[in-house]
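Asks: The chain contents come next:
There are 2 protein chains.
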Amino acid sequence: MSQPARIAITGAAGNIGYALAFRIAAGDMLGKDRSVVLQLIEIPPALPALQGVAMELADCAFPLLREVVTTADINEGFNGADYALLVGAKPRGPGMERGDLLADNGKIFGPQGKALSDSASRDVRVLVVGNPANTNCLIAAANAPALDPGQFTAMTRLDHNRATAQIADKAGAHSTDVRRMTIWGNHSATQHPDIAHCTVGGKPAAELVSQAWYREQFIPRVQKRGAEIIRARGSSSAASAASAALDHMRTWVHGTPEGDWTSMAVPSDGSYGIAPGVIYSHPVTCAAGAYSIVQGLAIDDFCRERMTITDQELRGERAAVANLLP
Amino acid sequence: MSQPARIAITGAAGNIGYALAFRIAAGDMLGKDRSVVLQLIEIPPALPALQGVAMELADCAFPLLREVVTTADINEGFNGADYALLVGAKPRGPGMERGDLLADNGKIFGPQGKALSDSASRDVRVLVVGNPANTNCLIAAANAPALDPGQFTAMTRLDHNRATAQIADKAGAHSTDVRRMTIWGNHSATQHPDIAHCTVGGKPAAELVSQAWYREQFIPRVQKRGAEIIRARGSSSAASAASAALDHMRTWVHGTPEGDWTSMAVPSDGSYGIAPGVIYSHPVTCAAGAYSIVQGLAIDDFCRERMTITDQELRGERAAVANLLP
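So the sequence lines, in the order shown, correspond to chains A and B.
Everything in the first sequence is counted per this note's numbering, starting at 16 for the first residue and increasing by one.
Everything in the second sequence is counted per this note's numbering, starting at 16 for the first residue and increasing by one.
Simulated from the structure, these hints should not be mistaken for lab results.
Even for Gly, the Cβ is constructed at its ideal location relative to N, Cα and C.
Take these hints with a grain of salt, some might be off.
What the hints assert, rightly or not - To give a feel for the contact side, a few chain B residues facing chain A, derived at Cβ under 7 Å:
1) F37
2) A41
3) A64
4) M70
5) A73
6) D74
7) P78
8) R177
9) S190
10) T191
11) A247
12) S252
13) A254
14) S255
15) S258
As the list claims (entries may be wrong) - Chain A residues, not near chain B, derived (Cβ > 10 Å throughout):
16) P63
17) G95
18) R107
19) G108
20) R113
21) K185
22) V193
23) F233
24) S307
25) G331
Please construct the entire structure, taking both the sequences and the accompanying hints into account.
Replies: Right, dumping it as structure tokens:
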């Protein structure tokens, strides 16, 4: 049997972390034939609760789970990590300005990038889930000199899955009938869910729904789905965010199906006129453990306008944290 | 493809239900090749939160999930159900007598038994998770005239998994090295975790640990693990209870490995001198979708004494709810 995969999770005692850890231990991320070591990281006040999570993980007697590490020391937590899921972040408090939010999170993700650079596997794959995810990811990548920025990604798979489910529901189909959904840009309300290349049961999605529904119902619903969940549940998306994180990592490792792609926020490389330097969600294919931005898609004026808005937001965020980018 | 499995969950917006639903939809109960319909049941005040759970399930775009039903109507919720996981129960409030707890839960599980009898698949498999699980199960079974009492089981798999993990840890082994752990009796502090027939890496567990450790450390720790988790986490076991429920159902359907068994609370049939009539945890093997109590195990005086104590507790619970047993 190969070495167990070392999987680090920050914010591991929080609601998303709690939903993630057990599904990873059950084999839902890497498959039923790959054993895992969970390296669970929390801030010191959450260590007792984290210990409870570790006890519950032990109580599951998971066949694939070889060891659970709990720590508040990020170098210990990231030590040898093959995968790092950066879930813990500082949420926006009442009256908090966006600049303060970005700066406070920068104080978390800068040191985490450095610790990953110092301690993780040289092949570590990093997924940032904690918001503002794209810019937190940018900060982590910029502070990890020994790693390739391409090893750092942020999560728009939850948006991708939400968009897929919404279009399937509208078309009277199943989510497995949907191909080539695309989320462009920032994991925020400026994201652009794009159905121009999407098919449902082999038919162009844009022919199955009206432009009015697409623009006036679908786009804002996907953009604001997080708030809709909070209103219904009384708490934010946890299990669905965890599920999307597993999907993101599994797809990165095991690949996208032939004829399909997924959405990942990755360092922009100039594709589609998005100037390099921000972590921007693109359509990507994955194969042999690597992702590639899908090239050559036609972009109409509407889409271009939306892609630019979300790009501008990301550039604004980057400017606000310039002092945290070495 | 075969018809999707219809899986009903009561208390589906609670913490255990929330941990269960997503793992079932991901294929962790019945496997990655069986599609499912989730029939989620809650009491009316929890329906808005349950709607939020259903929205998050949709947002996961699970390939195996065909439909989600949310309802407060148990006949609708159990309609055609192939599997029913009865998780919702009334917890013990401050100053509440055990008799009141049993009676209040009887008012939940009696009608649920009748609704299963009226509405579920004739082959429904029922697992009671909500406490006091064994006697809740007895009440449900007794109120389901059209079903075989053997279709009703209660969960001691969490205790079984906890005991397996504890003995593995003590022996410096992995939980997958442990065979033939047994939980006897009630899912309560009187349960008897029995290692007399257990092996670790092929060696008798009783030769690997001292009798003093077994009796003074192991038994009380397994019996009181729930309280230990609450102290650490600040809330009761949720993900580990859900994981054990999945294990219970998966083992029932897919079978126990050759040379091993599991623990399930099932209607006593006179085996081991436990007079019929209570739902008592036994070592069972499962094959072809059915369970069988393991026969012929030698029972020493210590084990017999403990088996009797937990039997007496179950008979006391049964006497307290006699008016709920038609």
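Asks: Would you check whether A41 of chain B satisfies its interface hint, that is, whether its CB is within less than 7 Å of any CB in chain A?
Replies: Since the shortest Cβ distance to chain A is 6 Å, the answer is holds.
Asks: Would you check whether R177 of chain B satisfies its interface hint, that is, whether its CB is within less than 7 Å of any CB in chain A?
Replies: Where the cut-off is 7 Å and the nearest Cβ of chain A is about 5 Å from R177 of chain B, the hint holds.
Asks: Confirm or reject the statement that K185 of chain A sits farther than 10 Å, beta carbon to beta carbon, from all of chain B.
Replies: Per Cβ check, K185 of chain A is outside 10 Å of chain B; nearest 12 Å; holds.
Asks: Go through the hint on A64 of chain B and say holds or violated, using the shortest Cβ distance to chain A against 7 Å.
Replies: Nearest chain A Cβ about 5 Å off; hint holds.
Asks: Next item in the hint list is F37 of chain B. Is there a CB on chain A closer than 7 Å to its CB?
Replies: Status holds, d = 4 Å.
Asks: Was R113 of chain A rightly flagged as not at the interface, with every chain B Cβ beyond 10 Å?
Replies: 25 Å, holds
Asks: Please confirm whether S307 of chain A is truly not at the interface, meaning its C-beta sits more than 10 Å away from all C-beta atoms of chain B.
Replies: Consistent with the label, S307 of chain A stays out of reach of chain B, its closest Cβ about 22 Å off (over 10 Å).
Asks: Taking the closest Cβ pair, is S258 of chain B under 7 Å from chain A?
Replies: 4 Å, holds
Asks: Is the interface hint satisfied for M70 of chain B? The criterion is a beta-carbon contact with chain A at less than 7 Å.
Replies: Nearest chain A Cβ about 6 Å off; hint holds.
Asks: Answer holds if the nearest beta-carbon of chain A is closer than 7 Å to that of P78 of chain B; otherwise answer violated.
Replies: With a minimum Cβ separation of about 5 Å from chain A (threshold 7 Å), the hint on P78 of chain B holds.
Asks: Classify the hint on D74 of chain B as holds or violated, based on whether any CB of chain A lies nearer than 7 Å to its CB.
Replies: 4 Å, holds
Asks: Could you check that no beta carbon of chain B comes within 10 Å of the beta carbon of G108 of chain A?
Replies: 22 Å, holds
Checked against the numbered hints above, the structure violates hints 16 and 22; every other hint is satisfied.
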